[in-house]
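Asker: Please construct the entire structure, taking both the sequences and the accompanying hints into account.
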Amino acid sequence: MGEAFDAGFFVRWLEAAALAVDREAGLLTELDSAIGDADHGANLQRGFAAVAELLAKEPPATPGAVLVAAGRQLISTVGGASGPLYGTLLRRTGKALGEDEHVGRERLAEAFAVGVAAVSQLGGAQVGDKTMLDALVPAVEALRVSFGAARTAAEEGALATVPLQARKGRASYLGERSIGHQDPGATSSALLFAELAGTARAEGPA
Amino acid sequence: MGEAFDAGFFVRWLEAAALAVDREAGLLTELDSAIGDADHGANLQRGFAAVAELLAKEPPATPGAVLVAAGRQLISTVGGASGPLYGTLLRRTGKALGEDEHVGRERLAEAFAVGVAAVSQLGGAQVGDKTMLDALVPAVEALRVSFGAARTAAEEGALATVPLQARKGRASYLGERSIGHQDPGATSSALLFAELAGTARAEGPA
Amino acid sequence: MRMLINVPETVVADALRGMAAAHPELTVDVERGIVARRDAPVAGKVALVSGGGSGHEPLHGGFVGPGMLSAACPGAIFTSPVPDQMVRAAAAVDSGAGVLFVVKNYTGDVLNFEMAAELAEDEGIQVAKVLVDDDVAVTDSLYTAGRRGTGGTLFVEKIAGAAAEAGAPLQRVEAIARRVNSRCRSFGVALSACTTPAKGSPTFELPAGELELGVGIHGEPGRERRGMMTSREIADYAVDAVVEDLRPSGPVLALINGMGGTPLLELYGFNAEVQRVLTERGIPVARTLVGNYVTSLDMAGCSVTLCEVDEELLRLWDAPVRTPALRWGR
Amino acid sequence: MRMLINVPETVVADALRGMAAAHPELTVDVERGIVARRDAPVAGKVALVSGGGSGHEPLHGGFVGPGMLSAACPGAIFTSPVPDQMVRAAAAVDSGAGVLFVVKNYTGDVLNFEMAAELAEDEGIQVAKVLVDDDVAVTDSLYTAGRRGTGGTLFVEKIAGAAAEAGAPLQRVEAIARRVNSRCRSFGVALSACTTPAKGSPTFELPAGELELGVGIHGEPGRERRGMMTSREIADYAVDAVVEDLRPSGPVLALINGMGGTPLLELYGFNAEVQRVLTERGIPVARTLVGNYVTSLDMAGCSVTLCEVDEELLRLWDAPVRTPALRWGR
Ligand SMILES: Nc1ncnc2c1ncn2[C@@H]1O[C@H](COP(=O)(O)OP(=O)(O)O)[C@@H](O)[C@H]1O
Ligand SMILES: Nc1ncnc2c1ncn2[C@@H]1O[C@H](COP(=O)(O)OP(=O)(O)O)[C@@H](O)[C@H]1O
Ligand SMILES: [Mg+2]
Ligand SMILES: [Mg+2]
Ligand SMILES: [Mg+2]
Ligand SMILES: [Mg+2]
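Chains as they are written, first to last, in our numbering: chain A, 1 to 206; chain B, 1 to 206; chain C, 1 to 330; chain D, 1 to 330.
No lab work stands behind these hints, which were simulated from the structure alone. Note that CB positions come from ideal geometry on N, CA and C, so glycine has one too. It cannot be assumed that every hint is accurate.
Stated by the list, open to error - Derived SDA-like pairs (lysine to any residue); straight-line CA-CA distance at most 20 Å:
{"#": "1", "chain 1": "C", "residue 1": "K129", "chain 2": "B", "residue 2": "G124"}
{"#": "2", "chain 1": "A", "residue 1": "K95", "chain 2": "D", "residue 2": "E118"}
{"#": "3", "chain 1": "A", "residue 1": "K95", "chain 2": "A", "residue 2": "R144"}
{"#": "4", "chain 1": "C", "residue 1": "K129", "chain 2": "B", "residue 2": "L122"}
{"#": "5", "chain 1": "D", "residue 1": "K129", "chain 2": "D", "residue 2": "A97"}
{"#": "6", "chain 1": "D", "residue 1": "K129", "chain 2": "A", "residue 2": "K95"}
{"#": "7", "chain 1": "A", "residue 1": "K95", "chain 2": "A", "residue 2": "R107"}
{"#": "8", "chain 1": "D", "residue 1": "K129", "chain 2": "A", "residue 2": "G124"}
{"#": "9", "chain 1": "A", "residue 1": "K95", "chain 2": "A", "residue 2": "V114"}
{"#": "10", "chain 1": "B", "residue 1": "K95", "chain 2": "B", "residue 2": "V127"}
{"#": "11", "chain 1": "B", "residue 1": "K95", "chain 2": "B", "residue 2": "A65"}
{"#": "12", "chain 1": "B", "residue 1": "K57", "chain 2": "B", "residue 2": "R12"}
{"#": "13", "chain 1": "A", "residue 1": "K95", "chain 2": "D", "residue 2": "L119"}
{"#": "14", "chain 1": "B", "residue 1": "K95", "chain 2": "C", "residue 2": "D122"}
{"#": "15", "chain 1": "B", "residue 1": "K95", "chain 2": "B", "residue 2": "L122"}
{"#": "16", "chain 1": "B", "residue 1": "K95", "chain 2": "C", "residue 2": "L119"}
{"#": "17", "chain 1": "D", "residue 1": "K129", "chain 2": "D", "residue 2": "R178"}
{"#": "18", "chain 1": "B", "residue 1": "K95", "chain 2": "C", "residue 2": "E118"}
Claimed, not checked - FRET-style restraints, in silico, Cβ to Cβ:
{"#": "19", "chain 1": "A", "residue 1": "G26", "chain 2": "D", "residue 2": "A13", "range": "17 to 25 Å"}
{"#": "20", "chain 1": "D", "residue 1": "T230", "chain 2": "C", "residue 2": "R172", "range": "42 to 50 Å"}
{"#": "21", "chain 1": "D", "residue 1": "A13", "chain 2": "C", "residue 2": "G167", "range": "39 to 47 Å"}
{"#": "22", "chain 1": "D", "residue 1": "T230", "chain 2": "C", "residue 2": "G167", "range": "46 to 54 Å"}
{"#": "23", "chain 1": "D", "residue 1": "E233", "chain 2": "C", "residue 2": "A175", "range": "45 to 53 Å"}
{"#": "24", "chain 1": "D", "residue 1": "R247", "chain 2": "C", "residue 2": "R172", "range": "51 to 59 Å"}
{"#": "25", "chain 1": "C", "residue 1": "D318", "chain 2": "D", "residue 2": "R247", "range": "42 to 50 Å"}
{"#": "26", "chain 1": "C", "residue 1": "E224", "chain 2": "D", "residue 2": "W328", "range": "39 to 47 Å"}
{"#": "27", "chain 1": "C", "residue 1": "V42", "chain 2": "D", "residue 2": "V7", "range": "48 to 56 Å"}
{"#": "28", "chain 1": "D", "residue 1": "E31", "chain 2": "A", "residue 2": "G128", "range": "36 to 44 Å"}
{"#": "29", "chain 1": "D", "residue 1": "A13", "chain 2": "C", "residue 2": "A43", "range": "49 to 57 Å"}
{"#": "30", "chain 1": "D", "residue 1": "E280", "chain 2": "A", "residue 2": "Q165", "range": "32 to 40 Å"}
{"#": "31", "chain 1": "D", "residue 1": "R247", "chain 2": "C", "residue 2": "G167", "range": "48 to 56 Å"}
{"#": "32", "chain 1": "A", "residue 1": "P163", "chain 2": "D", "residue 2": "G227", "range": "28 to 36 Å"}
Claimed, not checked - To list a few chain D residues with every Cβ distance to chain C over 10 Å, as calculated:
{"#": "33", "residue": "E31"}
{"#": "34", "residue": "L119"}
{"#": "35", "residue": "A128"}
{"#": "36", "residue": "T139"}
{"#": "37", "residue": "T144"}
{"#": "38", "residue": "Q171"}
{"#": "39", "residue": "R172"}
{"#": "40", "residue": "S182"}
Answerer: In structure tokens form, the structure reads like this:
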């Protein structure tokens with residue numbers, strides 16, 4: 001067992017995520033421009049800025065409450081496909097964490113698995129459909145091993161979307177022309193797990 | 001006195017004018033594009049083609065009737081500023097020629113002076129306002145001397161519009177920015193007198 | 001050339017065929033270039049006939065119908081129609097009560113309508129004329145062609161059309177039309193130049209990031225060219241130009257008009273800024289119209305027209321109208 | 001960037017402020033992103049709520065009013081609105097007779113409206129949903145996101161809106177909306193790409209002289225790219241694509257829709273060609289609508305939507321409507 005993380009950790013993760021999304025918004029929009037409608041960067045900027053603002057103003061007491069609040073905020077501010085999907089991911093993960101004041105990595109991985117399953121159910125997508133799930137599913141699986149493994153798995157998952165043909169979301173309209181481009185949602189998922197690993201490392205070995 | 005011209009001469013002139021306008025339509029539109037609305041070429045193409053068609057189908061018997069018919073046809077097919085102005089020029093010139101079956105150059109010059117005065121009255125413009133009158137007025141004056149002199153005077157008149165500031169027509173909206181461009185209507189007027197001189201020369205010395 | 005056309009030569013005729021198919025309530029004579037109310041002539045009613053070069057749609061054909069124009073005569077693109085069109089249109093819609101020609105102040109339109117008026121009078125039709133010259137971007141003087149007619153045309157045609165529909169005699173309809181014109185002022189701004197089918201390239205060069213202040217609806221240049229301005233700055237500039245000239249002492253009608261290539265989303269945003277300036281200047285706005293009404297083909301840009309109204313003009317503005325482009329009331 | 005805006009961030013809010021100023025007959029909540037009929041809730045009447053990304057104006061806000069939508073929820077540009085908007089809108093316009101959500105089939109719209117429906121039901125509002133998926137350019141399959149919703153939305157909102165106005169209960173309004181959608185097919189063509197304020201450059205590269213056949217209203221690519229075609233050829237291609245899929249056996253309503261950057265003159269000319277093809281195919285056209293209704297910012301291009309109608313649907317189409325963008329009847 002590594003150490004356990006409190007609400008503050010998750011707030012710091014999401015603040016770091018907001019900064020990362022802001023920094024990489026141009027890249028995300030560029031990717032979405034190639035096979036979507038050029039708004040993924042702006043969508044997540046708007047959403048994570050609102051999340052950071054909310055958490056700074058009213059920081060919830062438990063990890064679960066942080067994730068539920070963040071998920072709700074994403075749903076209320078992002079719109080598009082990614083809003084409900086990321087919102088559901090965090091909300092359902094948070095719910096799975098219950099009232100616990102501290103959660104360990106493995107418990108987090110289990111909760112994330114619930115959140116990812118909810119994303120898959122909501123959007124009807126599976127691994128291989130060229131969506132965020134291509135990064136999320138392997139990342140959550142690898143989180144059972146370590147934060148670093150989750151980060152790497154997410155990055156590899158995002159890269160692995162390049163040769164795929166999209167079957168869900170806006171990119172699916174492109175049919176074969178979607179091949180050869182990296183999925184924007186998988187890319188932002190990799191970003192989130194990179195920041196999660198970064199936050200965990202900054203606060204001691206996991 | 002030179003020789004006198006019959007209806008056929010005026011038909012041939014207007015046919016030559018139609019060809020010339022067709023050939024130079026691009027130039028006229030280009031000039032109109034700089035200080036107007038880029039339609040002078042198309043306007044005169046449409047009008048003189050209709051004139052040539054009409055005269056081929058129903059050639060009138062007298063010089064006056066040819067010019068009146070051509071003027072009416074221009075009015076009915078050109079639109080814009082140049083339609084009524086050129087139409088009036090030919091119509092009033094034709095009316096001034098009366099029923100004569102043959103007209104000499106000097107008589108033609110007198111009749112043209114009537115037509116040009118009507119143009120000036122209709123449009124309210126004077127020489128120096130950067131309009132077709134800057135070519136027409138000196139051309140008609142010089143026609144008292146010879147066809148060649150009229151052609152040269154029209155060309156010089158058209159060139160002389162370059163440094164002028166437009167006070168009438170669409171170019172006047174440009175104010176000082178109209179300076180430095182040759183007036184499209186003066187240019188087409190020069191074209192008409194060039195064809196008149198050409199037709200006269202082809203049919204013997206004037 | 002990014003154009004949805006067959007060949008430049010048939011653009012206007014094709015559009016008239018398409019109008020005919022879309023609007024069974026209109027009579028469209030494609031050959032002769034006349035769009036008329038199907039129920040014209042309306043017994044006892046003064047008829048309104050307008051027209052001008054094509055490329056400004058929905059002006060004028062889209063304004064034909066009960067409460068507005070009796071007939072419209074579209075010319076070639078940016079070229080005024082020929083007198084024959086107006087004479088034929090006048091003859092087709094005149095009930096004996098006379099015809100008002102609504103003429104935008106461009107040399108070509110003025111000359112062709114003048115000739116048409118003479119010819120129509122020869123045919124025994126009583127004709128009156130009103131000249132629309134509302135564009136403050138142009139310096140007016142006795143020695144020039146005068147101000148251009150732009151957005152004010154919509155107000156003149158709507159309000160005079162309502163007066164005619166209500167049974168006013170020709171002289172009265174003419175007087176109202178003149179009053180409306182005298183109280184209308186417009187100012188236009190281009191963010192891009194338009195492309196005519198015949199020319200196939202923009203009628204003037206406007207580098208991206210620059211705008212032409214005071215542009216005309218045929219792409220005639222305006223007062224000056226500037227680097228890009230915000231919607232807020234453009235509203236300040238345009239409204240001030242209009243207000244300085246109009247100096248309204250009462251409420252105004254406001255037309256926030258698109259030139260054809262600017263999205264409605266942007267026009268509405270621009271309207272917010274126009275309303276802000278008007279509020280700051282203490283000018284009450286009685287009615288606002290936002291949309292593409294007096295366009296310049298695919299030009300990006302907008303114009304602002306204000307029309308100062310008294311109670312009578314406002315009542316006539318509110319009166320029912322049923323045309324392809326303008327409809328309200330019952 | 002040739003845009004009439006302040007900054008990209010405020011484009012939608014600015015437009016809503018401008019809408020509020022222009023349309024006193026609507027309630028516009030700029031903060032929350034809701035455009036509603038001022039007289040809502042109308043006692044006993046089923047309410048229609050739609051919404052979607054902005055940039056398609058007049059859709060949906062311009063379709064709010066008697067005979068059509070009760071409320072519209074505009075999202076950010078090309079981004080579906082958030083559930084809170086739809087829930088608030090539903091609560092504001094529900095008279096107790098229930099609310100129909102009209103949802104264009106895009107993953108984002110579907111997910112957000114689904115969440116909104118759940119939340120609204122939690123608040124005791126009876127909610128039904130209709131998904132609009134009329135775009136034949138997209139290959140449909142169980143394993144993909146399915147067809148996009150485009151021009152058919154106008155027919156669904158108008159006809160279901162008329163049924164609601166006439167007092168039909170929720171289930172019936174929903175059934176009619178579904179019937180309309182099942183009989184609508186669309187096909188779109190881009191002559192240029194649109195430019196979103198946030199990106200500031202065209203969303204895809206389309207060299208002048210090429211066109212994208214089967215484009216979506218967010219600039220999503222279509223079936224294929226080709227060298228320039230005439231209006232006649234485009235009409236053949238687009239109508240055939242629609243007709244092959246719809247195979248109408250009765251009369252149709254035809255929407256000849258502009259994408260925002262194509263002049264009305266060209267749209268009417270295109271309509272002439274569309275009508276020609278339909279005549280050649282032996283398909284009677286009951287009504288035709290030509291104009292910019294479901295746009296894609298400043299994109300040049302057009303779409304054709306056909307909606308097969310029986311007597312009931314035609315009667316509902318002809319029923320009075322009074323919205324900013326669509327008005328007829330008394
Ligand atoms: N059905 C789905 N399941 C999972 N992820 C999806 C689905 N549809 C889209 N996505 C993800 O959402 C991303 C696009 O998000 P975004 O651009 O913000 O929304 P939109 O597509 O509505 O513009 C895609 O790159 C993809 O990863
Ligand atoms: N008032 C006027 N008097 C004489 N000539 C004029 C007048 N106004 C315009 N013109 C001439 O008409 C020409 C423009 O013709 P054209 O382009 O066919 O018409 P429009 O200006 O209506 O587009 C000008 O170059 C000028 O020579
Ligand atoms: Mg996107
Ligand atoms: Mg010209
Ligand atoms: Mg012209
Ligand atoms: Mg989007």
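Asker: Would you mind marking each hint as holding or not holding in the structure?
Answerer: Against the structure, the hints:
1. K129/C with G124/B: Holds, because 19 Å separates the two Cα atoms, which is no more than 20 Å.
2. K95/A with E118/D: Given pair K95/A, E118/D holds - Cα atoms ~18 Å apart, limit 20 Å.
3. K95/A with R144/A: holds (19 Å)
4. K129/C with L122/B: Roughly 17 Å separates the two Cα atoms, so the pair holds.
5. K129/D with A97/D: Distance of about 14 Å is within 20 Å: holds.
6. K129/D with K95/A: violated (28 Å)
7. K95/A with R107/A: This hinted pair holds, its Cα atoms lying about 12 Å apart.
8. K129/D with G124/A: Given pair K129/D, G124/A holds - Cα atoms ~19 Å apart, limit 20 Å.
9. K95/A with V114/A: Since the Cα atoms of K95/A and V114/A sit roughly 9 Å apart, the hinted pair holds (cutoff 20 Å).
10. K95/B with V127/B: This hinted pair is violated, its Cα atoms lying about 23 Å apart.
11. K95/B with A65/B: Holds. K95/B to A65/B sits at ~8 Å (cutoff 20 Å).
12. K57/B with R12/B: Status holds; Cα separation ~13 Å.
13. K95/A with L119/D: Holds, because 18 Å separates the two Cα atoms, which is no more than 20 Å.
14. K95/B with D122/C: holds (19 Å)
15. K95/B with L122/B: holds (16 Å)
16. K95/B with L119/C: holds (18 Å)
17. K129/D with R178/D: Cα-Cα ~9 Å, so holds.
18. K95/B with E118/C: Status holds; Cα separation ~18 Å.
19. G26/A with A13/D: 17 to 25 Å: holds (23 Å)
20. T230/D with R172/C: 42 to 50 Å: This hint holds: roughly 49 Å between Cβ atoms.
21. A13/D with G167/C: 39 to 47 Å: holds (46 Å)
22. T230/D with G167/C: 46 to 54 Å: holds (47 Å)
23. E233/D with A175/C: 45 to 53 Å: holds (51 Å)
24. R247/D with R172/C: 51 to 59 Å: holds (57 Å)
25. D318/C with R247/D: 42 to 50 Å: holds (47 Å)
26. E224/C with W328/D: 39 to 47 Å: Given range 39 to 47 Å: holds, Cβ gap about 43 Å.
27. V42/C with V7/D: 48 to 56 Å: Holds - the Cβ-Cβ distance for V42/C and V7/D, about 51 Å, lies within 48 to 56 Å.
28. E31/D with G128/A: 36 to 44 Å: Roughly 42 Å apart at Cβ, these two residues keep to the hinted range, so it holds.
29. A13/D with A43/C: 49 to 57 Å: Since A13/D and A43/C have Cβ atoms about 51 Å apart, the given range 49 to 57 Å holds.
30. E280/D with Q165/A: 32 to 40 Å: holds (37 Å)
31. R247/D with G167/C: 48 to 56 Å: Given about 52 Å between the Cβ atoms, the range holds.
32. P163/A with G227/D: 28 to 36 Å: holds (30 Å)
33. E31: holds (14 Å)
34. L119: holds (28 Å)
35. A128: holds (29 Å)
36. T139: Holds, because the least Cβ-Cβ distance between T139/D and chain C comes to about 26 Å, which exceeds 10 Å.
37. T144: Correct as stated: the minimum Cβ-Cβ distance to chain C is 30 Å, above 10 Å.
38. Q171: Check passes; 32 Å lies beyond 10 Å.
39. R172: Given a closest Cβ separation of 28 Å, the condition holds.
40. S182: Check passes; 25 Å lies beyond 10 Å.
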